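Residue numbers (full-length UniProt numbering), protein chains in the order written: chain A, 1 to 320; chain B, 1 to 523.
Note that these hints are calculated values from the structure, not bench results. Please read all numbers here as calculations on a predicted model, not as lab measurements. It is possible that part of the hints are untrue.
What the hints assert, rightly or not - These stretches of chain B come out as covered by chain A in the derived footprint (C-beta under 8 Å, 3 or more residues):
(1) 103-117
(2) 120-126
As the list claims (entries may be wrong) - A short list of chain A residues far from chain B (calculated; beta carbon distances all over 12 Å):
(3) 28
(4) 37
(5) 176
By construction, the Cβ of each residue, glycine as well, lies at the ideal position given by its N, Cα and C atoms.
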Amino acid sequence: MIKVDGLVKTFGTTKAVDGISFEVANGETLALLGTSGCGKTTTLKMLNRLIEPDSGSIYINDKNILEENPEALRRGIGYVLQNNGLFPHYTVAENIAIVPQLLKWDKAKTDRRINELLGKLHLDKGHLTAYPSELSGGQQQRIGLARALVADPPVLLMDEPFGALDNVTRAKIHGEFKALDELKRKTIILVTHDVQEAFELADRIALMDKGKIVQIGTPAELLFAPKNNFVRDFLQEQRLQLEFRAIKISDLWEHLPTGGDKVKSPALSTELDLWSALEQFKFSKAETIQVKNSEDVIKAISFEQLMAAYAQYKTLQPHE
Amino acid sequence: MNEQQQPLWGFMAQQADKLAAQTLQHIGLTFISLFIAVLIGLPLGIYITRKKSLSGLVLGIAGVLQTIPSIALLGFMIPLLGIGAKPAIVALLLYALLPIIRNTFTGITGVDATVKEAAVAMGMSKWQVLVKVELPLAMPVILAGIRTATVINVGVATLASYIAAGGLGEFIFGGISLNNTNMILAGAIPAALLAIIFDFLLSLVQKLNFKKIKGAVKIAPVLLLLLSCLYFVPSAYGSKLTAGFTPEFMGRQDGNLGLQSKYGLKIHTIVISDAVMYKAAQEKELDVISGYSTDGRLKAYDLVVLDDDKKIFPPYYAAPVVREDALRKFPQLEKTLNLLAGTITDSVMTELNYKTDYLHQSPERVAKDFLVAKKLYRVDRGGKSGVVRIGSKIFGEQYILASMYTMLIKGYTDYDVATKTGLGGTKIVFDALTNDQIDFYPEYTGTGLLAILQAPTKTVEQLQVSKDSTYNYVTREFVKRYQLKWLRPIGFNNAYALMMRQKQAKELHIKTITDLKRYLDSK
Ligand SMILES: Nc1ncnc2c1ncn2[C@@H]1O[C@H](COP(=O)(O)OP(=O)(O)O)[C@@H](O)[C@H]1O
Ligand SMILES: [Mg+2]
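Chain B on its own, in the form it takes in the complex:
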């Protein structure tokens, strides 16, 4: 990867605008949520010092909120608040709540009882005791809580990019997806610096003596508000539709870059995680998303794939990749595996994925139902003449395919089957194959081309013209380089795709990506 050779400073200088915008968003997110968390947490903390019987409950709930994994919490927010800043701020403030409530409570309960008594004895009202005695004396402890909350927020705010709220997470997670170290560091270093700087500044405030703390506490709300406003500085968009793309899609030639260069597509785009993208599209938070064409959620959320009429997404046809020596060892194998060839279309695969991912049926059941319906199913012959080892990657579609092949082999041949499913990503399962740990697994032509063969850009562009050319190319190269054979394609193409809600696409008469561009360009 040539980005790797570019120095980090070069990358940061080149991306300075984006970096500045993300940093401002990050600070803004951190402090809006902190501000609201103080508005809620401080009175709540005070309240439970007055009603001690509630303190256990309130602190318990705040504690439980903090143990919810951040991604899950963000996920919960989407149905309630959609995507973008709102759910991110709410999630962040929920995390910030515990340290603020807890420290307010311990700070105030920790105030010397004699001093409180003296205050009451001199004729102060409850409010005066709170404002003149308890809060000032608890302030160092309360500030320590706010300091903790700030540092937590700076960290968790990196996840805001998952639900399209921006911040330095865009670089961090984009960089992880694209395996671009510079991009990761360009997000991670400023995020770490922010945490360190805010922690240090607040530690200074904490150490101020009583006199100065009075002044500091007065300007704090103003300062918090100012910092909060930073979030709104960089946002100046404007387009009819909103697209949500994964960080990975954003940085790929066969992704957003291609959409811009080949189609000239200009759309207001926000970065979002794969986990919440489909849901957000259904909830009308997003209009266009980048997904996989056979993903079960397409059906679940009633989305439709836009035709890639200029062929920028390389085909990802699935086919079993088998060791040549295994084909010799098990003469029946090729014929048996090819039983599945051409039987599963995109929509059928989507349907099968929907059943496992969404209806939570087991891959075995889905596989068997399908084979039975296609009249391909035969009962297990209980064969003992050799064991075929099947591998699969770690997601639903691969499990279904592995199950189908298992049933076919057991039903049509006298071989037994050992499955090694869930072999992580491409690299792990492919290494298992070349090292003779497994005999075959289902692979995608696009992955073979880009990830395994790492074909040069020129070759890729030439091959994209027709869907067969990629298959032919990888078949040829795999035999030559690895003594592996691609059997006949199963039929479906699990490629990148742009999708929209079915209803909206119909209303706007958008069927292809070119239609989408035309619609966006029209006034």
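Isolated chain A, as found in the complex:
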């Protein structure tokens, strides 16, 4: 668990971070969201002490990291950068093996772990002897991720990890990211200025402005219970899409009609978000999809029924 309290960092006269506090539970993903210059990177870098805070405290698993040896601390925290920061003079294999080498792992263990990660990250074995410059942007970013994950650190810090990628590649890596079991166990802090990315990948979002957190909460909380106009305006542009992502079938469950035609296809989980459920109609070309809740109740619903449930759900939200 990460617990940050009253962090302040000033560069000259710029208050980059102005009293930030938050907590992240084990296994949770928190997105630091905000426009450029609002202090996201500075906040993140204080967590592995690339930047020392002026004041405030940071605890990871109840240990005050400001009292730890910074090098040992960093070896236990994965770090992924926007421009990947791969060593141009190291091969892919050497790049991934940097932390194991610092931790003095033996070669067999390192090799085993690298092979394991390669499979999970859809990388080819042939890439291992290549230099980073010989690979595509997407491949480089995957290797940056592999490098951060190789020693299986419990905490992962990511600074705009997908920011340098084109839209298609980014969408693909987002999918892989969510599917990666390695990441499900990790406590992740993800810095991004991309609202969609935050909604898609994070369990909770801290929306920042001018060095402060304006609101912290789940995507749905930010959408449906914005604390002020800043939050509302920030999400306004992509509102519909965000809502489709923020709402789960379980949220609509009571508005969905029971019964319906039984179809052979396997039932979907109610943990699915509305956006993904709508996509099912596109893929399966079926008239209805089946969803099953935690009590094994199955409902077969059509596209129109789903949209009607969404409309009812919306009218019940407080108008804030």
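Got chain A; can you put chain B with the ligands on it based on the hints?
Same frame as chain A, now just chain B with the ligands:
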């Protein structure tokens, strides 16, 4: 000159031993200093990337060092480190420092900040970041600096011969002094080839990819050390005293060749420039040097001239050489110029040179003081009946003589004087005289004999028996060939001479060159 007709290859083949030795010395000098420069420059360059506030100062100092003319830098080194390899290596390494420090600094500061940050973020220590990330990534830039330094060093190392550190400069500067093109090329071509080859080899290293560069960087120190050792290969001497001779003296019959053939003198000899030779003798780096017998530095450094008892150095008596038509045009002139005849001995001339060269008194003042002391001085009569044009060569002694003649003419006659001093070397001032640009200038009998008349070797040898015979010969020939008259000699003989420290010569009872040979031969 008959050497001129010998093909270059012939000369190089004939001198192959010397050439090989000099080349090895040259490579050795280049790489010893380069090695030390890397040992100093690399850490210093790294240090100023950590302490950026010092970078301006350090790079500034290294930059200033590089603008000091090489000869001057070598000169500064002598009082501190003497002559020979030590000062040469230090001077070379000072030149090599700037490119190495600067490229280390720019190389490391130029490493991608994201990559450095990633290295720190993964838990590398400062040392690990330096060794695993910054240095390897800066290596191409650092190598470019080392490459520049190497080429600079190969060039500057030619000057090492000025302070007796050997190298290909011995041939180059010997050749220049002796006007021997083959000798110059025999030094210059290998030096240029060395620069080109090393530049090319280092450019290959620079282009290696990261994998191979790792290996190359590991063997580099070993290779540098090996190359450095070349310097010590050729040195195998052994004699009681050390002589330092100018490149010119080394190659002349009336110089080192004569010392060997006529006296049979065998002494450990190093080649050195005139500029630092006297100082080196005073500092006991050298025991015997070749100099000029009236040089002011003789007195300044307390040296004594060894008597040339077998007369191998032709006499260089100074006397005014005058156009015959000028003597007719200015009837008073000959009598006036002869006022100085016989008045200045070797030691007096040395003393006068000492005052201008060493005490920095003006030639006019030195001339006037002398004339006053000799009761020859008379005030300027402000004469207007014609202008006598006096010439002089471009060194102190000639300026003093020209000043004396000016004062005498103005004081004793009604002529006015125009001086054209500083007319370069012998050829320039002599041409000015024959072309009626000047009326007279002070010349030396030996120069008249060897440089102007270019008398055959046989004649020279015959004339050397007595000091008057040379004077008589040039007087006769000059009238016949050029209608120029040598007036009576001033008295001193500014010839080549071997000199030693006064104290040492006394201790060893050496007065003549024969004494020196006897001392060297005795066990
Ligand atoms: N090393 C630094 N020196 C001076 N100012 C900085 C430094 N790092 C960040 N800043 C300033 O602090 C503010 C926050 O920066 P940053 O945390 O990088 O923002 P973000 O990651 O949200 O774009 C910006 O105004 C930025 O200019
Ligand atoms: Mg940022």
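Query raised in the report: Any hints this thing doesn't respect? Which numbers, in order?
Result: Checked against the structure, no hint fails, so every one of them is satisfied.
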